[in-house]
Each structure stands twice: as C-alpha cells, then as structure tokens.
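Chain by chain, the residues:
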Amino acid sequence: MTAAFARVPDLLASHLLLSFAALLLGLALALPTILLAARSAAVARVALGFASLVQTIPALALLALFFPLLLWLGLPPLGFLPSLLALSLYALLPILRNGVTGLAGIDPAAIEAADGVGMTARQKLLWVEAPLVLPVLMAGIRTAAVWTIGAATLATTVGQPSLGDLIFSGLQTQSWPLVLAGCIASAGLALAVDALLGLAERGVATRRRWLWMSALALLVVGAGVAALPRLAPTRPTVVVGAKNFSEQFILARLIGARLQAAGYDVAYREGLGSAVAYGALKTGAIDVYVDYAGTIWASEMKRDTAPPATEMLPEIARWAQATGGVRMLGTLGFENAYAFAMRGGAARAAGITTLDDLARASPRLRLASDLEFLDRAEWTAVRRAYPMRFASARAYAPSFMYQALATGQADVISAFSSDGRIAADKLTVLRDTRGAIPRYDAILLLAPKRAGDAKFANALRPLLNAIPVAAMREANYLVDRDTDKQPPDGAARWLAARIGRP
Amino acid sequence: MPSVIAFDGVTVAYPGGTVAVDAVTLDIVAGSFVALVGRSGSGKSTLLKTVNRLVTPTAGRVLIDGQLVDAEPAHGLRRRIGYVFQGVGLFPHLTVAENIAIPLRLAGRTDPARVDALLDLVELPREIGRRRPDALSGGQRQRVGVARALAAEAKLLLMDEPFGALDPMTRDTLGRAVRGLHDRLGLTTLMVTHDMAEALLLSDRVLVMASGRIVADATPAALIAGEGGAEAQELVDVPRRQIRALEGLSA
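So the protein lines, in turn, are chains A and B. Here the first sequence is numbered in the working numbering, starting from 57 and rising by one per residue. Here the second sequence is numbered in the working numbering, starting from 485 and rising by one per residue.
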C-alpha cells in the first residue's frame, strides 16, 4: 500500500493541473456563451443542446474521439491536449446550464429597475446581473469541478498522466492497493476542491469577501504547488509507452531500466489503447514501446494474410520506416499471439484440440475475449478460416477474461500465448491448423526522433532475441497470479536477471 | 405654464396588429400631478413607458422640455427621470442605503448625508439603510423605491401602479406622502393607476384611457360633477357606488 501511495503525489499534481486547466477553459468558453444566451433564446437553445449532447457521449469515447481529430488537424493527438479539450467540453454543461437558468431567474423587476435608473448595458451586467447570478453559477462550477476531476482519471487512456494511471494499471494487474490509492486520491481531490469552491460560494452569497478570497487563494496555491516542479527546467526525458496489460507494463519497466542505466531520464505512459499506441510513437508522444508483428500487420498495415516470419518482419520494418520514420529495432525473441484456450478438462471431454474442432462445437460454447479482439482483423481472419458462431461472445478486461474461464462463465477465451496463466491454470491451447492467425513476434519500435540515436538503440539492443517465451510467461505470472503478486517493475527486475541482462 | 412632457401622435403597435397606444397627443404642464387611469390593457402603462424609453413608439414623438427623448442615449435620459413601479425592483444584493444611492453612484457621487436625507424624506428611520430589502415590509420597500427615484433630484416622476401591491392603509398613507413630496419638491408627476378613487384623491388632472386612446381629460372635480364621458363615468361610478353602499350600512 505504501508503494502504491508513493506514486500518488506526482500523479496527483498532474491530475490537478489537468482538471484545473480544463475547468478554466470550460469557464472561458461558457461565460461568453452565457452572455450571448441571455440575449438570444436561439443561442441558449443551441448552446445547451450542444453541451447536453456532449454529456451523453461517454467520457472515455470523447477522449478517444479527439485522437483522430487532432491527428487530422496535425496537432499532438495524445497526452495533455486531447485530455484538456475533452474535459473542458465535459465541464461546459453544468456551468452553461446554471449560468443561463440563473440569468433567466433574475427577478424581472430588478432588471426593469436597472434600466429605469439609467444603467448602461455594461453597468447592468456588472452591478446587477453578475452579482445576482454568481451564487447559481458557482454551484454549476462546483458540479463541473467534481465531474472534471472524476473524468480526468480517464485521461490515462490517451497517454496523459493522471491518477487513472494507478487505477488502470491496478485493475489490469489486479493489484487492489493501486486501484484504491488512485480512487482515494482522486476522490479526496474532488472533495477538497468541492469544499473550497463551496466556501467561495458561501462567501459570495453572504458577501464575505475574505471568505471567498481565501478559498480561491487556497485553490490557486494548490495549483501553484502542483505546477512548481514542472516549471523548473527539466532534463530531456524519454517516454516509454505501454499498452494496457501486464506484459506491456513489465517490458516497459525493463526497457526503462536499461535506458536509465544508459543515462536517460525516463517517464512512462502506461495504459495506452492498442489503436493509440502506434500513433503515439509515430507522433513522438512516446519514444519507444513494444508491439507485436501481427498487430501492426493487421491493424496498421490492414493486411489480412498470415505470411511466415521471414517475409512478415522485414516487410513491417520497411513499411514502418517508409510511412512514418518509425524504426523497428528488432524482435525480443518471443511471440504473444492470440491463442484460443479452454479449460484442459473441458477440452478433453469435448474432444476439441484444433480450431476446426472449436468451430464445429461453437454453437454450444460461450466465448470470452479481451476488450478489442472482437473488433480486430484477426477475429475476422479466424472466422473466415474457421466458420464459428458462438452461443455468446463477451469482451472483458484481460484479467477478468481468465476469471470468466476459470469460474465457468465462459468456455473458451482469446488468450495470449505468452501468458503465464495458460500453464498455471492448466489451459489447453487449440491448434491453428490452417494458419489463420498471423505471427505475433514482440518487436521493439523506436519513435522517428530516436531512429538515428545510436546511444538509445545500443542501450536496448541487448534485449533483442533475448527473451524466450518461457521467461516472459513466468514474468507475466509474477504479476498476474492471485497470491504474492509482484509489481511490474519487480517482475521486470526478475526478468532482467532471468535472461542475464541485469 | 410650460409643458414638461409632450406626446405628439404617439402610437405603439405590435407585430400581429395589436395597437397598445393609438395616436395619443397631449401636453403635461410643469408642476402638475397627472393620473392616467384605465382598465387593464387600456395602454396606460405603455404610454407612460414611452417617456423614459422603456417602450419605443412605432409612430409619433415624445418630447421632454421641448427635447426629443431619443435625442440622447436612453441611459442619460433615464437618469434625469424618477421611475417608480409596482414591482419596486430593489436590488436584493445591496443594502437599502446602497439601493437609494444607485442614482448617485451612476452620477459618480458618494453622498451618505443625501441618503439619510432621502430616508427622512420618505419617513423611514435612518438605521433601515443598513438592512437588506428582503427585511422590509411592502410599504417600506416602496418608500425606498420612491427615495431612489428622487435621489438624483429628478424633477419628473413617472409612477406605474406604484401602490398596486400594497394594503389599503399603507396605500393611503404612502399616496398622501408622495403627493406631499410632489408639492414640496415642485415635481411634475405622471402616475398610472387602475384605481379611480386614488386618481381623484391625489391628482390635479385625470386622463382616462381605453383601447389605446385618451377618452377623457378632466379635473377630479369635473369628473365628480359627471363630466368626461361614459367610459370615465363608469370608472367614477365604482367608488361612488361603494360610498353609497357604505352609507347604507351605517344608516
């Protein structure tokens, strides 16, 4: 638990800065819109309609939607910018709604009096409308602040460090102290900010200037403390990326440790979606990460064949270089392919050993997959080679997928061949006799800006073809098992020793 | 007597064909207390508001002291006209004293003594100035409204149903207080009311409006004497019948 909380301060700071920035941008967008809406019913309808529409989009999807949009606009599609934009849009509704209804709710007699005594539009706004709408507006800002701080945990998925890092990696590796640390810190931040804004609201409502001034001052000081370390000149940092499963967390730490030893300052972006990770590398948001040949082949290159490694790997290297300057340094030595797996006893009892057998039995079986498999080209390719129709097909976070199989909620899963749980849970991997699933050699990819960095490449070269699948499985199991779990960096240290690359 | 307000063919028509004020032409002379009486929807409030430009006529002209009201920005005009209306419209986030001082603030003046004098003028205790409007009774609030209207020494006072929301006792005392102020300060006052009795008791001249037109223009004495036409006499008959009924009860 202490180790989990050790990561909190830094993530809390970036979480707080992101939330505040989003809230301020939301305010900057909402306030002029409120003024326009007060003078035109059409503007009010359109603005509130738009804000409500945004609210109906799940926050996770809203964040993801900014990726293609920003990529298209040529702006950094990952990290701070998409998080800021998505969260600001999210903050818009409560501020807008309270502002507009607050203005509409002002006693018409006060407005008539303001006109009657001869106030200009500006005086009316500053002396009458603004002070009368402020308490209602503050309530909206409080709501927006709490929403924003909560939703900011999702910024992790687009590569922006936040308290979500703890929650997502904790959820993935089933390390509950991490999840708890992330939740407690984010809830604590939300409560604290809400309380301070509540005090400011009270101060405004009761016209106690010192009260709202000191509440706002505390918020500014908090943001300042969070921002301070970021203002100091930092040495250039390399960023190691990781997708959202244990093996990726371990490999990222393994790579990071080597780079650190070579004198680099290392940061991690963990929990990237599969679709986002390669884009992050290409645009330089991350410097290095591990992907799998088949994933690049099918998802990035849009190929639906499954050639042998001798053809596939050089083709990927050539394509990556040609389309974005990404350098494929080489393979790590093991494959992490999609592998259909069943409980050993159940497979024997049904006489299923190959994917052909599975296809025949599929109407009676329930499939559990990871979150993206059902939408991937590999699933299409498998179904083309082996016509399968399962009784049901459900997507789970990978850890829960194994649980679903173990508890009998599913009969077959889309496992990963390097997963330690296959051996530990005595699962049977079904053979792909028709060769429908492409190869998934783990490959080390470098961002364009690191492609020519010899020192960088030399630091990582010892990892090439150094990790046998058995070693990777054992390392994965250290993190994934239910008892005596290791954190990913512990497993990375173990793996480094195991492969003789300390 | 020079005329302070002059209406010249003033018409207010709304899109859709409703005509609230229909070609009204009349003069109001300095120092007079004029009551504008009529039923709901007769156009009396609309006519009043063309003076301080809360309503813009669709045709015709309104002049104050010989100047067209739209010869300057509306806020400048309004600062020279006292305006009291049924809703009062005190600013709830300001104290009573700050409310009264608003016209002074608009003129760039700070004058606490003036605020005290205005509270005296409308017969409110000075310590009430520190309170907020919501701590006041309806009658006290309208007194504050009158004090605010007079703060910048306006010589023209427009009142739109000023006592409409008050109980009869308060209504009576406040009405007489305002008439007293009118005489003492040498104001010109135009008051809209639907209550003919109030109009007869307070004003020097009663204008009766119906369907956007002035249908009677007479002194209270003339109206009591039965002049002014049918519409006016119907309105005068209401208090008259009430008096007879009351006398009947005591007999």
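It should be emphasised that the hints constitute simulated quantities derived from the structure, not laboratory data. Owing to the predicted nature of the structure, the values given are computational and were not obtained by experimental measurement. C-beta: ideal position from N, C-alpha, C; glycine also. Take the hints with a grain of salt, since some may be wrong.
Unchecked claim - Computed footprint of chain B on chain A; a stretch qualifies when at least three of its residues, placed anywhere within it, have a C-beta under 8 Å from a C-beta of chain B: (1) 157-165; (2) 172-179; (3) 184-197.
Verification of the supplied hints:
Here's how the region 157-165 of chain A fares: 3 of its residues keep a CB closer than 8 Å to some CB of chain B, so the rule of at least three is met and the hint holds. A stretch counts as covered by a chain when three or more of its residues have a beta carbon under 8 Å from one of that chain; for the region 172-179 of chain A and chain B the count is 6, and the coverage holds. For the region 184-197 of chain A, the proposed coverage by chain B is satisfied: 3 residues have a C-beta within less than 8 Å of a C-beta in that chain, meeting the threshold of three.
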